[in-house]
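Residue numbers (my numbering), protein chains in the order written: chain A, 1 to 339; chain B, 340 to 629.
Quick caveat, the hints were computed from the structure, so don't treat them as lab data.
Among the hints, a few may not be true.
[Said to hold, decoys possible] Think about it this way: if two alpha-carbon atoms lie no more than 20 Å apart in a straight line, the pair counts; the simulated EDC-like pairs of lysine to aspartate or glutamate are:
#, chain 1, residue 1, chain 2, residue 2
1, A, K329, B, E617
2, B, K496, A, D160
3, B, K539, B, D412
4, B, K620, A, D316
5, B, K593, A, D139
6, B, K593, A, E325
7, A, K335, A, D236
8, A, K339, A, D243
9, A, K36, A, D66
10, B, K581, A, E124
11, B, K541, B, E570
12, B, K535, B, E617
13, A, K339, A, E240
14, B, K535, B, E621
15, A, K193, A, D316
16, B, K620, A, D236
17, A, K339, B, E570
18, A, K329, B, D423
19, A, K329, B, E621
[Unchecked claim] Distance windows between CB atoms, simulated:
#, chain 1, residue 1, chain 2, residue 2, range
20, A, H182, B, E506, 54 to 60 Å
21, A, N308, B, S567, 46 to 52 Å
22, A, N308, B, R532, 54 to 60 Å
23, B, R532, A, E67, 44 to 50 Å
24, B, S567, A, E198, 37 to 43 Å
25, A, K180, B, G481, 15 to 21 Å
26, B, T547, A, G13, 54 to 60 Å
27, A, K185, B, A528, 32 to 38 Å
28, A, K138, B, E617, 53 to 59 Å
Quick reminder that beta carbons are idealized off the backbone N, C-alpha and C, glycines included.
Okay, here's what each chain looks like letter by letter:
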Amino acid sequence: MNNVFVICEIDEGKVVDVSLELLTKGRTLANELKCKLEAVALGHNIGGIEKELYQYGADVVHVGDDERLNPYTTLPHTAVITGLFGEEKPQIALLGATTFGRDLGPRVSSALQSGLTADCTSLEIGDHEDKKAGKTYKDLLYQIRPAFGGNIVATIINPDCRPQMATVREGVMKKEIYDKHHKGKLNKLDINKYLKPEDLVVKVVERHMEKSKVNIKNSSIIVSGGYGMGSKENFDMLYELADVIGAEVGASRAAVDAGYAEHDRQIGQTGVTVRPKLYIACGISGQIQHVAGMEDSSMIIAINNDPNAPINRIADYVITGDVAEIVPKMIKYYKQNTK
Amino acid sequence: MGLNIIVLAKQVPDTRNVGKDAMKADGTVNRAALPAIFNPEDLNALEQALRLKDKYKGTTVTILTMGPGRAADIIREGLYRGADKGYLLTDRAFAGSDTLATSYAISRAIMKLEKADIIIAGRQAIDGDTAQVGPQVAEKLGMPQITYAEEIVSADKGKVVVKRRLERGVETVESPLPVVVTVNSSAPACRPRNAKLLMKYKHAKTITESQNASEDYINLTNDRPFLSIPEMSVNDIDADSKWLGLSGSPTKVKQIENIVFQAKEAKQLTAADDEINELMKELIANHTIG
Chain A
1 MNNVFVICEI DEGKVVDVSL ELLTKGRTLA NELKCKLEAV ALGHNIGGIE
51 KELYQYGADV VHVGDDERLN PYTTLPHTAV ITGLFGEEKP QIALLGATTF
101 GRDLGPRVSS ALQSGLTADC TSLEIGDHED KKAGKTYKDL LYQIRPAFGG
151 NIVATIINPD CRPQMATVRE GVMKKEIYDK HHKGKLNKLD INKYLKPEDL
201 VVKVVERHME KSKVNIKNSS IIVSGGYGMG SKENFDMLYE LADVIGAEVG
251 ASRAAVDAGY AEHDRQIGQT GVTVRPKLYI ACGISGQIQH VAGMEDSSMI
301 IAINNDPNAP INRIADYVIT GDVAEIVPKM IKYYKQNTK
Chain B
340 MGLNIIVLAK QVPDTRNVGK DAMKADGTVN RAALPAIFNP EDLNALEQAL
390 RLKDKYKGTT VTILTMGPGR AADIIREGLY RGADKGYLLT DRAFAGSDTL
440 ATSYAISRAI MKLEKADIII AGRQAIDGDT AQVGPQVAEK LGMPQITYAE
490 EIVSADKGKV VVKRRLERGV ETVESPLPVV VTVNSSAPAC RPRNAKLLMK
540 YKHAKTITES QNASEDYINL TNDRPFLSIP EMSVNDIDAD SKWLGLSGSP
590 TKVKQIENIV FQAKEAKQLT AADDEINELM KELIANHTIG
C-alpha cells in the first residue's frame, strides 16, 4: 500500500525506454520514501516481461495479459488501472509523456480526481507548509516543469489527493539497471474483474507503424537550427553540414513552427531531450524550453548574430556572426582539414 | 441528418512573446499583460469541425470557450470562419483552475447545451502544453476519447472513424458517437475568415460587451439575434463550487522560478575565415568530429 507506481508502456511486446527511465527514477524515490516500487504492464502475450522490470528495481510487477489490452485503447487500460489503484492506493504514479501516457494519464487522473502534472523535467521529494491552513505536509512529490512556453520553471504539488501523478518525457531521466539479480513479486491481474463491455467500444481498425527515420536521440553530433536561420533554404544548409561531419539535424520549436523542419526533429521540452558529444546551435536564441532538451550536451557551439543570446551562456564556443556565412565556412574548412 | 458538433477553443497568451509582468505574485499567469491569440491547435480542431459541416448537411458547429470577457474574441473569430454559434463560459469562480477544475466546468457547460455528437478540441494549449483537458472532459462526460487526431475521416451511422498521428506512425480507430476528439497541429490548417461572415458577425457581442452599447446597437441586435453571444456563469451550469477554481484543483503551484543559466567561460569567435578554420582544426584534432 502507498507505494510508488510506474505505468509501463509496452510496444510490440517490449517495455519502452521511457518506462525503464521512470523505474530508475521511481527506485530512487521509493528508497527515499522507504516504500516499494511497483510496475504495471498491460498488453497481450507479454509473459516474462516482469524479469526486465525487476532488474530496473521493481519490487512488485502487476501484469495484465489479455487480448483486449492490445493494441492500446484508452478505456480498457483506464478501467484496469483505476481498479488496481483503488485497491493498492499508490502515493505516486508515473507515466511516460508519450502519446500513450498523455492519452491515458489525464483519463485516469480525472477518474480518480487526483491531479496530474505533465512533462516534468525533475521529480523530488520534499515537505510543504501551507501557512494559510496551518498545515505541514511531509514527503510530497515535487513535480518540476517548465511552464508558460518555457519562460519559467514551476514546482507543482498535490497536497491532498492521491496518487500524485506525473508524466515525464523520454530521455529526460537516466535509465540504469538497478540490480541484475533483483527479484520481485509477480501479480497476475484478473482482467475480467476490471473490464466492462462498454470499455471495449473503441476499435483500432488499422495501424501503420514504421521505424522513425530521424534518430537524433542517439546521435553523437547534432547540428540544430532555430528561427534565426531565417528561411527554409538557409535551414537546409544544416543538412549539408550534418552530412559532412556525420551528424543528425535537430530543430528548435520556433523552427518547426515556422515550417523549416519536421516535428520529429524538435529538441526541447516539447520535443526530444538529447545529450550528444557535440551540439551546434545555429540561429537558436536559447529559450529555456529548448535549452531543457540539450543543456547536458558535452560540448556546445552557439552560432548567433546576437552576442547576448541566452544560448551563449551555456555554450563552450560562441561564434557571433551571420549563420548563413559561417555554416558554409565550417563545411569548407572541415573538408580542407580532413583531406 | 446533420451532426451537432461542439468545438472547445481557448484564448491563450502568446507565449512566444512574454514580458516581465507576465506572472502574478501567487504564481498564476497575468493574462491581462500578454497578447491573446486563438490557441493554434484549436484552429486545427475548428477546421475538422467545418469539414464535417461541409460533408454532412444540417450540421451545426458551436464554439465553447472558457475565459475572461475578452475571450469573446475567440467566438467571433470562429464565427468569421464558419462556426454557427458560440458560448462564453465566464465567471470569477473559475480563477486559478487547474486542468481538472477546468474540465469539470467545461463538462457541466456541455451538459447544458444541445446534446453533442462530437466534441472536438485542440490536442493542447500553448500556455500549459498539458494535453489534459480533452481526455478529462471525455471522462467527466463518460464518453470515449480519441486523442492525437490528424483527420476525422467520417462521422455517420452513429460512429466516427479517426486517423491518429502517433510517434512512429498512423493508427485508424473507430468509436461510437458521442465522442471527444483532440486534434494535432499536423492536421490541416484552419480556413481563413470568410468576407461575408466577417460582415455578418463583426458586431456580435456578449451581453457584457453590449452593456455600454448605443441605442442603435440595441435596435440592431433586436433585428439580428445572431449578433448576441450568450454567456454562461457558474449559476447556469449547475456546478458544485467545491470542484471549481483553486478549491477544485488537486495540483497547486508551490514555487515559480525565473530561468537563470549558469554562465560558462566560452571561447568567443567571429565569422572570420581563420577563426572558423582554427575551430574546425581543433575539433578534428581532439576527435570531437571526424
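Now for the hints, and whether the structure bears them out:
1. Between A:K329 and B:E617 the alpha-carbon distance is near 11 Å, which keeps this suggested pair within the 20 Å criterion.
2. Distance restraint check for B:K496 and A:D160: the Cα-Cα separation of roughly 44 Å exceeds the 20 Å cut-off, and the hinted pair is therefore not satisfied.
3. Restraint check for B:K539 and B:D412: satisfied, since their Cα atoms lie roughly 15 Å apart, inside the 20 Å limit.
4. Restraint check: the Cα-Cα separation between B:K620 and A:D316 comes to about 16 Å, which is no more than 20 Å; the hinted pair holds.
5. Under the criterion of a C-alpha separation no larger than 20 Å, the hint pairing B:K593 with A:D139 is consistent with the structure, at around 14 Å.
6. Using a Cα cut-off of 20 Å, the hinted pair B:K593 and A:E325 is violated, with the two alpha carbons roughly 46 Å apart.
7. Between A:K335 and A:D236 the CA atoms are separated by roughly 19 Å; this keeps the pair inside 20 Å, and the hint holds.
8. The hinted pair formed by A:K339 and A:D243 meets the criterion: a straight-line CA distance of about 16 Å does not exceed 20 Å.
9. The suggested pairing of A:K36 with A:D66 is violated, with an alpha-carbon distance near 26 Å, which exceeds 20 Å.
10. Of the supplied pair hints, the one linking B:K581 and A:E124 is violated, its CA atoms being roughly 29 Å apart against a limit of 20 Å.
11. For the given pair, B:K541 sits about 18 Å from B:E570 by alpha-carbon distance, which is consistent with the 20 Å threshold.
12. A C-alpha spacing of about 62 Å is found between B:K535 and B:E617, which places the hinted pair above 20 Å, so the restraint is violated.
13. With a C-alpha separation of about 17 Å, the suggested pairing of A:K339 with A:E240 holds against the 20 Å cut-off.
14. In summary, the hint linking B:K535 to B:E621 is not supported, as the alpha carbons are separated by about 63 Å, beyond the 20 Å threshold.
15. A distance of roughly 58 Å separates the Cα atoms of A:K193 and A:D316; the hinted pair therefore is violated under the 20 Å criterion.
16. Taken as a hint, the B:K620 and A:D236 pair is broken in the structure, with Cα atoms around 24 Å apart against an allowance of 20 Å.
17. Among the hinted pairs, A:K339 with B:E570 is inconsistent with the structure: their alpha-carbon atoms are about 71 Å apart, more than 20 Å.
18. Simply put, A:K329 and B:D423 have alpha-carbon atoms about 56 Å apart, too far for the 20 Å limit, and the pair is violated.
19. The hinted pair formed by A:K329 and B:E621 meets the criterion: a straight-line CA distance of about 15 Å does not exceed 20 Å.
20. Separated by about 30 Å at the C-beta atoms, A:H182 and B:E506 break the suggested range of 54 to 60 Å.
21. A hinted range of 46 to 52 Å holds for the C-beta pair A:N308 and B:S567, which are about 50 Å apart.
22. Take A:N308 and B:R532: their Cβ atoms lie about 39 Å apart, and the range 54 to 60 Å is violated.
23. Restraint check, B:R532 to A:E67: a C-beta distance of roughly 49 Å satisfies the suggested window 44 to 50 Å.
24. The given range of 37 to 43 Å is respected by B:S567 and A:E198, whose C-beta atoms sit roughly 39 Å from each other.
25. A:K180 and B:G481 have their C-beta atoms about 46 Å apart, which leaves the hinted 15 to 21 Å range violated.
26. In this structure the supplied range 54 to 60 Å holds for B:T547 paired with A:G13, their Cβ-Cβ distance being about 57 Å.
27. In this structure the hint that A:K185 and B:A528 lie 32 to 38 Å apart at CB is violated, the actual value being about 52 Å.
28. Roughly 56 Å separates the CB atoms of A:K138 and B:E617, a value that falls within the hinted 53 to 59 Å.
In terms of the numbered hints stated before, the structure departs from hints 2, 6, 9, 10, 12, 14, 15, 16, 17, 18, 20, 22, 25, 27, listed from lowest to highest.
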